[in-house]
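*Asks:* Starting from the given sequences, assemble the full structure and let the hints guide the process.
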Amino acid sequence: MSLKTLTHSLFAKICAVFLLVMVVLSTSIMAAMIGAMAYFGGYVSTKAEVKNRAVSDVLFDYTMPIASRAYSQDTVGEYDYGPRILFTLKNGAGELVSGNYSEGTLPYTCTFSFSGDAFATEFTYRVVLFGDPFQNYNVQEARTIADAIFDYFIAGELPEISSDEAFGYQIYGEDGDLLAESNVASSQGMTELYSDEYLYTVEDNDSYQLTLYTDESFLEYHPSLEFGIGLLNVAYNWRYSAILFAVAGVIAFFALLVFLYCSAGYKEGTEEAVLGRVDKIPFDLYTLIFAGIFICESFFLQRVSWYVGSVNSIICFAFFLLVDFLLLLSYTMSFAVRFKVGGVLKNTLIYKLVSSIWRGIRKIALRIRYLCIRIPMIWKTVLVLAAFVLLNFYVTVATGYRELVFIWFLECLFIVPAVIVIAVSLKELQKGGLKIADGDLNFRINTRHMFSDFKDFGETLNHISSGMSKAVEEQIRSERLKTELITNVSHDIKTPLTSIINYVDLIKKEEPENETVREYIGVLDRQSERLKKLIEDLVEASKASTGNLAVDMAPADVGVLFSQAVGEYQERLMKNGLELIVSESEEPVTILADGRHLWRVFDNLLNNISKYAQPQTRVYLSLEKKGEEAVITFRNISKYELNITGDELMERFVRGDGSRNTEGHGLGLSIAKSLVALQNGTMDLVIDGDLFKVVLTFHCINRENYEETYRFSDERGEK
Amino acid sequence: MYTILICDDERDIVSALKIYLQAEGYRTLSAYTGKEALKILQQEEVHLVLMDIMMPQMDGISAMVELRERYNVPVILLTAKSEDSDKILGLNVGADDYITKPFNPVEVLARVRSQLRRYIILGGKEEKEERFRYRIGGIELDDKAKEVFLDGERINLTPTEYEILKLFMQHPDEVLSPKEIYRQVWNDAPYGAESTVAVHIRHIREKIEINPAEPRYLKVVWAQGYKLESGRKHELKDIDS
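Sequence order for the protein chains is A and B.
So the first sequence is residues 1 to 719, counted in the numbering used here.
So the second sequence is residues 1001 to 1241, counted in the numbering used here.
Worth flagging that the hints you see were computed from the coordinates, not collected in a lab.
Just so it is clear, the structure is predicted and the values come from calculations on it, not from any experiment.
Among these hints, one or two may not hold up.
To be verified - Calculated cross-link-like contacts (lysine-lysine; reagent style PhoX-like; alpha-carbon spacing at most 25 Å):
1. K543(A) <-> K575(A)
2. K532(A) <-> K1035(B)
3. K543(A) <-> K1087(B)
4. K532(A) <-> K1219(B)
5. K1219(B) <-> K543(A)
6. K575(A) <-> K1207(B)
7. K625(A) <-> K1179(B)
8. K1018(B) <-> K508(A)
9. K509(A) <-> K1018(B)
10. K1087(B) <-> K533(A)
11. K533(A) <-> K1219(B)
12. K532(A) <-> K1018(B)
Claimed, not checked - What the simulated footprint calls covered on chain A by chain B, stretch by stretch (three residues with Cβ under 8 Å from a Cβ of chain B suffice, anywhere in the stretch; the number is not a length):
13. 568 to 580
14. 591 to 600
We treat Cβ as the ideally placed atom computed from N, Cα and C, and that holds for glycine.
*Replies:* Now the structure itself:
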């Protein structure tokens, strides 16, 4: 099985896609294994250590709440958070701050280091200042006093206010407990002067280390962790093979991808890549559809809350991954097909839009161009000139100089007439040139009103046309003279010939007794008849070859002509021992020809055949329709040896037999060829040994169509 | 005895024609220019004129024009010009027939006979419109007697030839294709039998035409079919072409 049968087979492609999906799935599983192993240190540690790391990963979730409680010296029970968790909290110096764990009993640990700042406690105090309402304290002074009192309180020195003083204070804790007071009871009649809240933060820059310990019960409490550890065990066992498989998977992935991209577009029975139904969608629209799908999907995925450990979400994620992968694959494969076939950019909506706009612009431009060409030259000139003059006027007025308006006026006075005169002269010359080109050689350009160079040029054109008309006239005259000469000479020959023929006939009637005389008279009779025929043909040959012959082209039915030819010639051929076999085409063949001239061609050819064909042979006359051509063939076996080519034989006065003692004069084929050419056909002569073949070729016409157009043009002609 | 005027500037031709015509029992008169011919016509009773076109002093065409102003006599033109335009011109100015030089004496005699018969025997006859009688030029077809006459002389046709000729007489000046003729005469579908028609028509032509190569009546329209020309539309048609 060659590669081609593989790339062209749909089954192979489906298999490749299936394999690709499998490879992607297995490779991503392998990659996940490798990743997990790398994360949990599977390549550098033992299985137990990996397990420990995995457990401590989950255990880490418990560190924050336990650290908080341990720091604030709360008692933490073993089962406060579900599974059995013990802990030790040590400060920066390594001293145990708190803990319920004694060494060496629990297998899984997790360590969490933190700074004391993280748990720094804040206290809020309220300081109330009392004083004699009749003594005037302002608020500023009261605040200063309160601040001072709070500072002392924080420092641990409670200031004693002597009873002589006119003020006292109270300090309350967070819960509203009275923590300290002075000189309040003794100073009766004092009122609350000022009250403010003070914040105090206890700073702790020490670092702490919390270590959690747990046992197998933790695993029981976290079933997903147990499951994960199971997977990790498998991954650990496979950790080296996974790398191998992953590498193989990546290679297989790229190989399959390359295969799919290469085979995209080929089908069974096609040589070239073919666009499928999907590939015909404009590329930008196609891209947009895929982008839309991905955007919708990402929106959907954002709405879904993911729980990483859950099997369901893994399956869901895998599903989406697979779908996305397949979508991407089909997109890129379609791109590959488009790239192969070509015209990726052309089959885009944007390109089509742009090109149709471009076409529209082009069309309009062509219209304008068409219009411009059709506007007579003088009008064009006048339009441009008017625009130019008006623009000049506008500019001069805009500049505001009066002198410029005067210049503008001068410009109008001189330039405008000059330009118009030039345009008119050019128009005249153009007209004359066109006339000469059209063959109207009698046309003369009127140069009377032209100036210098234009006049010269016009006269040169006139010279050309008069020279040409002279040459043409000369040629026509010489052609006509030639034909006329032949015609006139033939007329002059005919009159004495008439006498000769008649008197020969009269002598024949006298029935001379002398045998020799009778024989001589026979020669005279034969030769005078031959001379008669020669003269007639000579006139015809000269007319046909110079085209000096009226040709009345009309649809001619070749089949009818065949039957007429049979009617005219069959008996004569039979008398000469020739059998005429006619084969016509199935359908009627119509050509455009002059029936009389066409018959003259047939007449000459059949006459030749009756004279020069070998007796007791068959003569074939056949008609074939080859595409738009009607091919008429005459075939016969020559009586004489033909040492001559077909082309030579069609020359005037050339005869195949090489001697001139038989009837005929060698004009027949020449006349036939000229007549066929006059009717827009071709005549070829093939000589193959003794086989003599004449092939006439004419253009076929569709009779109905022709008559329709004919009638149409007739009607138009009448109008 | 009929008198025939021969007019040609070529004395040898005149005397040759004289010999032939006298041998047939006609009285002959000779003229060598158009003027002479007109003069003789004034003096003598002439039954037919044979006239050359190219003559000195007054050519055949102008002589024809003058002749036709006064005389009804049949005129056969002798011409060295074989161009169609010359023949048409001759017929249009009133000639009854033409013979191209160099001519065959037998053909001249046949045409003379034909013209005389039509002029003398048939010319005076009232044309009777009969249902079973068709007449075109010198051809007369009697469908009751199943007989055909050419210039008053009975000619022998085979039944098929008769039927074909009748079809043409019924459709004068119409081009009939071999297929159509076969369908009408044989009452059969013309499958490849058209050449039979062509052979029959050639036979008819040999019987009714003086020179079958240049038929006056039954003409071949090449690559179209055949046509019986009545001569009535002759002038109109030829001017058109």
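*Asks:* Confirm or reject each hint.
*Replies:* Hint by hint, here is what the structure shows:
1. Proximity of K543(A) to K575(A) is assessed by CA-CA distance (about 33 Å); at most 25 Å being required, the pair is judged violated.
2. For the suggested pair K532(A) and K1035(B), the alpha carbons sit about 30 Å apart, so the restraint of at most 25 Å is broken.
3. Our distance criterion of 25 Å between C-alpha atoms is met by K543(A) and K1087(B), whose separation comes to about 18 Å.
4. Distance check on the hinted pair: K532(A) and K1219(B) sit about 24 Å apart at the alpha-carbon level, within 25 Å; holds.
5. Proximity of K1219(B) to K543(A) is assessed by CA-CA distance (about 24 Å); at most 25 Å being required, the pair is judged to hold.
6. A hinted pair counts as satisfied when its Cα atoms are at most 25 Å apart, and K575(A) with K1207(B) qualifies at roughly 20 Å.
7. The hinted pair formed by K625(A) and K1179(B) meets the criterion: a straight-line CA distance of about 21 Å does not exceed 25 Å.
8. Only pairs whose Cα atoms come within 25 Å are accepted, and K1018(B) paired with K508(A) is accepted, the gap being roughly 16 Å.
9. Using a Cα cut-off of 25 Å, the hinted pair K509(A) and K1018(B) holds, with the two alpha carbons roughly 15 Å apart.
10. Between K1087(B) and K533(A) the CA atoms are separated by roughly 19 Å; this keeps the pair inside 25 Å, and the hint holds.
11. With a C-alpha separation of about 22 Å, the suggested pair K533(A) and K1219(B) falls inside the 25 Å cut-off, and the hint holds.
12. A C-alpha spacing of about 22 Å is found between K532(A) and K1018(B), which places the hinted pair at or below 25 Å, so the restraint holds.
13. Coverage of the region 568 to 580 of chain A by chain B holds [criterion: at least 3 residues with CB-CB distance below 8 Å; count 3].
14. For the region 591 to 600 of chain A, the proposed coverage by chain B is satisfied: 5 residues have a C-beta within less than 8 Å of a C-beta in that chain, meeting the threshold of three.
Taken one by one, the earlier hints fail for this structure at numbers 1 and 2, listed in ascending order.
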